[in-house]
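Visitor: Now for the letters of each chain:
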Amino acid sequence: ETAVFQTPNYHVTQVGNEVSFNCKQTLGHDTMYWYKQDSKKLLKIMFSYNNKQLIVNETVPRRFSPQSSDKAHLNLRIKSVEPEDSAVYLCASSSGQNTEVFFGKGTRLTVV
Amino acid sequence: GEQVEQLPSILRVQEGSSASINCTYENSASNYFPWYKQEPGENPKLIIDIRSNMERKQTQGLIVLLDKKAKRFSLHITDTQPGDSAMYFCAASSANSGTYQRFGTGTKLQVVP
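First to last, the protein sequences are chains X and E. Those letters in the first sequence? Residues 1 to 112, by this note's numbering. Those letters in the second sequence? Residues 1001 to 1113, by this note's numbering.
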C-alpha cells in the first residue's frame, strides 16, 4: 500500500514536555509537509521540505522543528509544548508544488 | 499576497439541490487550484482540480469554474446527497520555487434530507 503514514494517532502530554511525531510516505514523492489543523478546522502550513529546500512558515514558533533522514521521512519535533499546540498535525506529500497533496491520517495532540 | 479566502464557512442545503463554494486568491502567479474534501475523522482528499489553462472542469457531479481576471474560482456540487456532507477546502499554488499550496479557510457543508 502506498500512502502517507503517521504515528502516533493520538498523544496526550503535559505543558513543557518534548514530543516527536513520525511521518513516512511510500509514494515516491520529493516534497513533504506538515500542517496544523486547529479546532476550527483551519489548515495551516508549517513546513514544506524537499531534499533541496526547507521552507518554514514564518508564523511557526521556534519550538517546532522538522527532522528528515531521507526524502521519504519527515518527523516533527516540538521542544516544549504549550496549551495552544493542541491540534491535529497532518503530514503530507506531493510530487511537486503544483500537484495533488496526499495527507496522512493525522496525529491529535492534546496538551494538558 | 498569498492568502486564499473561502466563503461561506458554513453551508446548509436540501438534499437534491446544488451547493456552491467560492474562493479568491491574491497571487497572480497561481496556476493550480485543487479542491479537497475532508470527512469527519478523516484526512483531506482531492476531489477535483483545475489548472489555469482551463475555465471549467466537470466530473461526477462536481463543476469547478476559474476566472483568472477576477482571481476567483468556485466549486459547484449538483444534486447533493447526505454523503456530500463534509468540510471542503480550496487551495491555490504556483510553480514558483520556494512556494507551497495555500489552503482556504474551509466550508462545512451540511446536506439535510
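Please note that the accuracy of each hint is not assured.
What the hints assert, rightly or not - Computed cross-link-like contacts, DSBU-like style, restricted to lysine-lysine with a CA-CA straight-line distance of at most 30 Å:
(1) X:K24 <-> X:K41
(2) X:K71 <-> E:K1037
(3) X:K40 <-> X:K24
(4) E:K1071 <-> X:K44
(5) X:K71 <-> E:K1069
(6) X:K71 <-> E:K1045
(7) X:K41 <-> E:K1045
(8) X:K44 <-> E:K1037
(9) X:K41 <-> E:K1057
(10) E:K1057 <-> X:K71
(11) X:K105 <-> E:K1068
(12) X:K24 <-> E:K1069
(13) E:K1108 <-> X:K40
(14) X:K24 <-> E:K1045
(15) E:K1057 <-> X:K44
(16) E:K1069 <-> X:K105
(17) E:K1071 <-> X:K24
(18) E:K1068 <-> X:K24
(19) E:K1108 <-> X:K71
(20) X:K40 <-> X:K105
(21) E:K1108 <-> E:K1071
(22) E:K1108 <-> X:K105
(23) X:K79 <-> E:K1108
(24) X:K71 <-> E:K1068
(25) X:K41 <-> E:K1108
(26) E:K1057 <-> E:K1071
(27) X:K41 <-> X:K105
(28) E:K1057 <-> X:K105
(29) X:K79 <-> E:K1071
(30) E:K1045 <-> E:K1108
Said to hold, decoys possible - Pairwise CB distance ranges (calculated):
(31) E:E1015 <-> X:N17: 27 to 35 Å
(32) E:P1040 <-> X:A3: 13 to 21 Å
(33) E:Q1060 <-> X:L42: 24 to 32 Å
(34) X:E58 <-> E:D1079: 41 to 49 Å
(35) X:Q14 <-> E:P1082: 20 to 28 Å
No lab work stands behind these hints: they were computed from the structure. Note that beta-carbon positions come from the ideal geometry of N, C-alpha and C, so glycine has one too.
Visitor: All hints, please: hold or fail.
Guide: These are the hints, each one checked on the structure:
1. X:K24 <-> X:K41: This hinted pair holds, its Cα atoms lying about 23 Å apart.
2. X:K71 <-> E:K1037: holds, 26 Å
3. X:K40 <-> X:K24: holds, 26 Å
4. E:K1071 <-> X:K44: holds, 21 Å
5. X:K71 <-> E:K1069: violated, 37 Å
6. X:K71 <-> E:K1045: Cα-Cα ~22 Å, so holds.
7. X:K41 <-> E:K1045: holds, 14 Å
8. X:K44 <-> E:K1037: holds, 16 Å
9. X:K41 <-> E:K1057: holds, 27 Å
10. E:K1057 <-> X:K71: violated, 33 Å
11. X:K105 <-> E:K1068: violated, 33 Å
12. X:K24 <-> E:K1069: Answer violated: K24 (chain X) to K1069 (chain E) is near 39 Å, above 30 Å.
13. E:K1108 <-> X:K40: holds, 10 Å
14. X:K24 <-> E:K1045: holds, 18 Å
15. E:K1057 <-> X:K44: With a Cα-Cα distance of about 27 Å, the restraint between K1057 (chain E) and K44 (chain X) holds, given a limit of 30 Å.
16. E:K1069 <-> X:K105: Between K1069 (chain E) and K105 (chain X) the Cα gap is close to 36 Å, so the pair fails against 30 Å, i.e. violated.
17. E:K1071 <-> X:K24: Violated - the C-alpha atoms of K24 (chain X) and K1071 (chain E) are around 35 Å apart, more than 30 Å.
18. E:K1068 <-> X:K24: Answer violated: K1068 (chain E) to K24 (chain X) is near 36 Å, above 30 Å.
19. E:K1108 <-> X:K71: The hint is violated at about 34 Å.
20. X:K40 <-> X:K105: holds, 17 Å
21. E:K1108 <-> E:K1071: holds, 22 Å
22. E:K1108 <-> X:K105: Within the cut-off at roughly 19 Å; holds.
23. X:K79 <-> E:K1108: Since the Cα atoms of K79 (chain X) and K1108 (chain E) sit roughly 33 Å apart, the hinted pair is violated (cutoff 30 Å).
24. X:K71 <-> E:K1068: Violated, because 34 Å separates the two Cα atoms, which is more than 30 Å.
25. X:K41 <-> E:K1108: holds, 9 Å
26. E:K1057 <-> E:K1071: Within the cut-off at roughly 17 Å; holds.
27. X:K41 <-> X:K105: holds, 14 Å
28. E:K1057 <-> X:K105: Within the cut-off at roughly 28 Å; holds.
29. X:K79 <-> E:K1071: Violated: K79 (chain X) and K1071 (chain E) sit about 40 Å apart, past 30 Å.
30. E:K1045 <-> E:K1108: holds, 15 Å
31. E:E1015 <-> X:N17: 27 to 35 Å: violated, 47 Å
32. E:P1040 <-> X:A3: 13 to 21 Å: Hint holds: Cβ distance 20 Å, inside 13 to 21 Å.
33. E:Q1060 <-> X:L42: 24 to 32 Å: For Q1060 (chain E) and L42 (chain X) the Cβ distance comes to about 28 Å; the hint holds.
34. X:E58 <-> E:D1079: 41 to 49 Å: holds, 43 Å
35. X:Q14 <-> E:P1082: 20 to 28 Å: violated, 41 Å
When the structure is compared with the earlier hints, violations turn up for hints 5, 10, 11, 12, 16, 17, 18, 19, 23, 24, 29, 31 and 35 and for no others.
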